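Protein chains: 2
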Amino acid sequence: MFKVPDHQVAGHRGPLVDDSGRFYKPLQNNERGTKEVAFYTSFSANSKIPTHVRRYFPIYHGTQFLESSDGSGMHPHLVLQDIVSNRQNPSVMDIKMGSRTCYPQASEDYITRCFQKDRESTSVPLGFKICGLQTYDSEKLGYWKPQKDVVKKFTSEDVKMTLKRFVSSNSSSDAEPDCLRATKVYGGSDGILAQLLELKAWFEDQTIYHFNSCSILMVYGQGVEDGAQVKLVDFAHVVDGEGVIDHNFLGGLCVLIKFVSDILVSSTTRSKTTA
Amino acid sequence: MFKVPDHQVAGHRGPLVDDSGRFYKPLQNNERGTKEVAFYTSFSANSKIPTHVRRYFPIYHGTQFLESSDGSGMHPHLVLQDIVSNRQNPSVMDIKMGSRTCYPQASEDYITRCFQKDRESTSVPLGFKICGLQTYDSEKLGYWKPQKDVVKKFTSEDVKMTLKRFVSSNSSSDAEPDCLRATKVYGGSDGILAQLLELKAWFEDQTIYHFNSCSILMVYGQGVEDGAQVKLVDFAHVVDGEGVIDHNFLGGLCVLIKFVSDILVSSTTRSKTTA
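Residue numbers (full-length UniProt numbering), protein chains in the order written: chain A, 1 to 275; chain B, 1 to 275.
So that you can see chain A by itself, here it is in the shape it has in the complex (with noise of 0.2 Å):
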């Protein structure tokens, strides 16, 4: 009944899927996983989150005791939507949020370490990076699924072409993006771009958590009727935002939409010149 979930693209390993769509999240350890089930349980009950807002998060059914995946016995896991089940080739990219991906109730050496990590990658200069992604772009080319360590030196030119490239059909080439299914993905009035901009509209308003080291994950390809989703997960560093926006997150979010907005105009350019 349970497996390993084919599309996982980046995080720890250790979950689990069945065939009911779910996603079984083992609790992380250090108050991680405790941080992350009280996340959930604030979120879930909070009458303050608009209906609009909830679709960006995935459902949650509660925590459950499972037999581990590497059989080191029973342990607590998050029950969660999965979010790609009911997909056929999905097409995913984990985005982690925030110029500074540590909280800053840490402790000094740990905010030290990550601060040095953030600037090693493009978190500093973009406000987010590229955790992982897989890209399917046909039966005969099948994926592009670039290894953890490829993606980890992703620069500011790297996280735009891949940007591009998720959304082309010849992603595992090495031929210029044809990012043909630009319009598909991230236009339109449900598209990528429109619900990141739905989710900026909140972050410019909300003032309830703070999503620290939280992550965007983008998902297309066959079934949920065909259409991309945007989706935040990952809660084990959210702190209350005490009043004051999370501007961590939402600038980062800022240049993400820019960047997916300039492959959407220069596509549809594009489509226009040669048409």
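Incorrect hints may have been included.
As the list claims (entries may be wrong) - Within a straight-line C-alpha distance of at most 27 Å, the following computed DSS-like cross-link-like pairs (lysine-lysine) qualify: (1) A:Lys48 / B:Lys200; (2) B:Lys140 / B:Lys117; (3) A:Lys231 / B:Lys145; (4) A:Lys184 / A:Lys160; (5) A:Lys200 / B:Lys231; (6) A:Lys258 / B:Lys145; (7) B:Lys258 / A:Lys200; (8) A:Lys231 / B:Lys258; (9) B:Lys200 / B:Lys117; (10) A:Lys3 / A:Lys145; (11) B:Lys160 / A:Lys48; (12) B:Lys148 / B:Lys258; (13) B:Lys258 / A:Lys117; (14) B:Lys48 / A:Lys160; (15) B:Lys200 / B:Lys140; (16) A:Lys200 / B:Lys160; (17) B:Lys200 / A:Lys160; (18) B:Lys152 / B:Lys117; (19) A:Lys200 / B:Lys140; (20) B:Lys140 / B:Lys160; (21) A:Lys35 / A:Lys3; (22) A:Lys140 / A:Lys117; (23) A:Lys48 / A:Lys35; (24) A:Lys184 / A:Lys117; (25) A:Lys160 / A:Lys258; (26) B:Lys145 / A:Lys48.
Because the hints were derived from the structure by calculation, they are not lab data. These numbers come from a predicted model, not from an experiment.
The hints should help you fit chain B onto chain A, whose structure is shown.
Same frame as chain A, now just chain B:
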């Protein structure tokens, strides 16, 4: 003809003003001065800057050699528009923008020291810090102008309170700020909030400059037809945006907008309740 400005609330000593509305800022050492001249030159000549955005920058009149105010001989000065000339009893606030006030191109040592400073101020939690201010209450009460070392210790709550006191007529007293001028100064179709929102719209799109360590000045008081003004100042650390929006500035701007807008909402609600 030249005199020391009456209403400088932050920044280095040394600037001079004349009675024609010009502000003479000595070029800083360590290439900072040269960089600021380079910025003003580039900005003045850049045809991509929309006209409605130029009003948020001081008018630039070139450079001029002048006798320093400390009598140390002739020294080159930036010749700029004096923002507070033509205002009687101006209220002024200087807000340094960015959760990171140093630029990523700086040396390792400088960045570490700077990051430490940012963490000890509200730069990291809020994305901006107040560097100085004065508020004119009335002829009887005069100005509230907190000392530099008091401003330096402002917490997030102090910042919220100071933004209230800035538009109050009892700022120099210990009483709850009356926010009597909130609607006039922050509100309206060309008030501070409207101006900040116009700036934000530009920052969500522009990728020409990254305004590291730059300040927003908010000014009001008798004169300039009694409207309030937002101006950007201090461009010694501006760098090329390289196709990326300035999320470091934009993030703090969003927090500032949220705070100002919260004050407006609560003072509008209060007037309605008491009316």
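Structure-based check of all given hints:
The straight-line distance between the Cα atoms of Lys48 of chain A and Lys200 of chain B is roughly 26 Å, inside the 27 Å bound, and the hint therefore holds. About 38 Å separates the Cα atoms of Lys140 of chain B and Lys117 of chain B, which puts this hinted pair outside 27 Å; it is violated. The hinted pair formed by Lys231 of chain A and Lys145 of chain B fails the criterion: a straight-line CA distance of about 47 Å is larger than 27 Å. This hinted pair checks out: Lys184 of chain A and Lys160 of chain A have alpha carbons roughly 18 Å apart, not beyond 27 Å.
The straight-line distance between the Cα atoms of Lys200 of chain A and Lys231 of chain B is roughly 26 Å, inside the 27 Å bound, and the hint therefore holds. Our distance criterion of 27 Å between C-alpha atoms is broken by Lys258 of chain A and Lys145 of chain B, whose separation comes to about 40 Å. Taking the CA atoms of Lys258 of chain B and Lys200 of chain A, the gap is about 14 Å. The hint holds against a cut of 27 Å. Between Lys231 of chain A and Lys258 of chain B the CA atoms are separated by roughly 25 Å; this keeps the pair inside 27 Å, and the hint holds.
Restraint check for Lys200 of chain B and Lys117 of chain B: satisfied, since their Cα atoms lie roughly 26 Å apart, inside the 27 Å limit. Pair hint Lys3 of chain A plus Lys145 of chain A holds up; C-alpha atoms about 21 Å apart against a cutoff of 27 Å. Pair hint Lys160 of chain B plus Lys48 of chain A holds up; C-alpha atoms about 23 Å apart against a cutoff of 27 Å. Distance restraint check for Lys148 of chain B and Lys258 of chain B: the Cα-Cα separation of roughly 25 Å lies within the 27 Å cut-off, and the hinted pair is therefore satisfied.
Note on Lys258 of chain B and Lys117 of chain A: the hinted pairing is violated, with a Cα-Cα distance of about 30 Å set against a maximum of 27 Å. For the proposed pair Lys48 of chain B and Lys160 of chain A, the alpha carbon gap of about 23 Å is at most 27 Å, so the pair holds. Restraint check: the Cα-Cα separation between Lys200 of chain B and Lys140 of chain B comes to about 38 Å, which exceeds 27 Å; the hinted pair is violated. For the hint pairing Lys200 of chain A with Lys160 of chain B, the CA-to-CA distance comes to about 23 Å; that is within 27 Å, so the pair holds.
This hinted pair checks out: Lys200 of chain B and Lys160 of chain A have alpha carbons roughly 23 Å apart, not beyond 27 Å. Distance restraint check for Lys152 of chain B and Lys117 of chain B: the Cα-Cα separation of roughly 10 Å lies within the 27 Å cut-off, and the hinted pair is therefore satisfied. In summary, the hint linking Lys200 of chain A to Lys140 of chain B is not supported, as the alpha carbons are separated by about 46 Å, beyond the 27 Å threshold. Taking the CA atoms of Lys140 of chain B and Lys160 of chain B, the gap is about 26 Å. The hint holds against a cut of 27 Å.
The hinted pair formed by Lys35 of chain A and Lys3 of chain A meets the criterion: a straight-line CA distance of about 25 Å does not exceed 27 Å. A distance of roughly 38 Å separates the Cα atoms of Lys140 of chain A and Lys117 of chain A; the hinted pair therefore is violated under the 27 Å criterion. For the hint pairing Lys48 of chain A with Lys35 of chain A, the CA-to-CA distance comes to about 20 Å; that is within 27 Å, so the pair holds. The hinted pair formed by Lys184 of chain A and Lys117 of chain A fails the criterion: a straight-line CA distance of about 35 Å is larger than 27 Å.
For the hint linking Lys160 of chain A to Lys258 of chain A, the alpha-carbon distance of about 10 Å falls within 27 Å, and the restraint holds. Among the hinted pairs, Lys145 of chain B with Lys48 of chain A is inconsistent with the structure: their alpha-carbon atoms are about 39 Å apart, more than 27 Å.
In summary, the numbered hints that this structure violates are 2, 3, 6, 13, 15, 19, 22, 24, 26.
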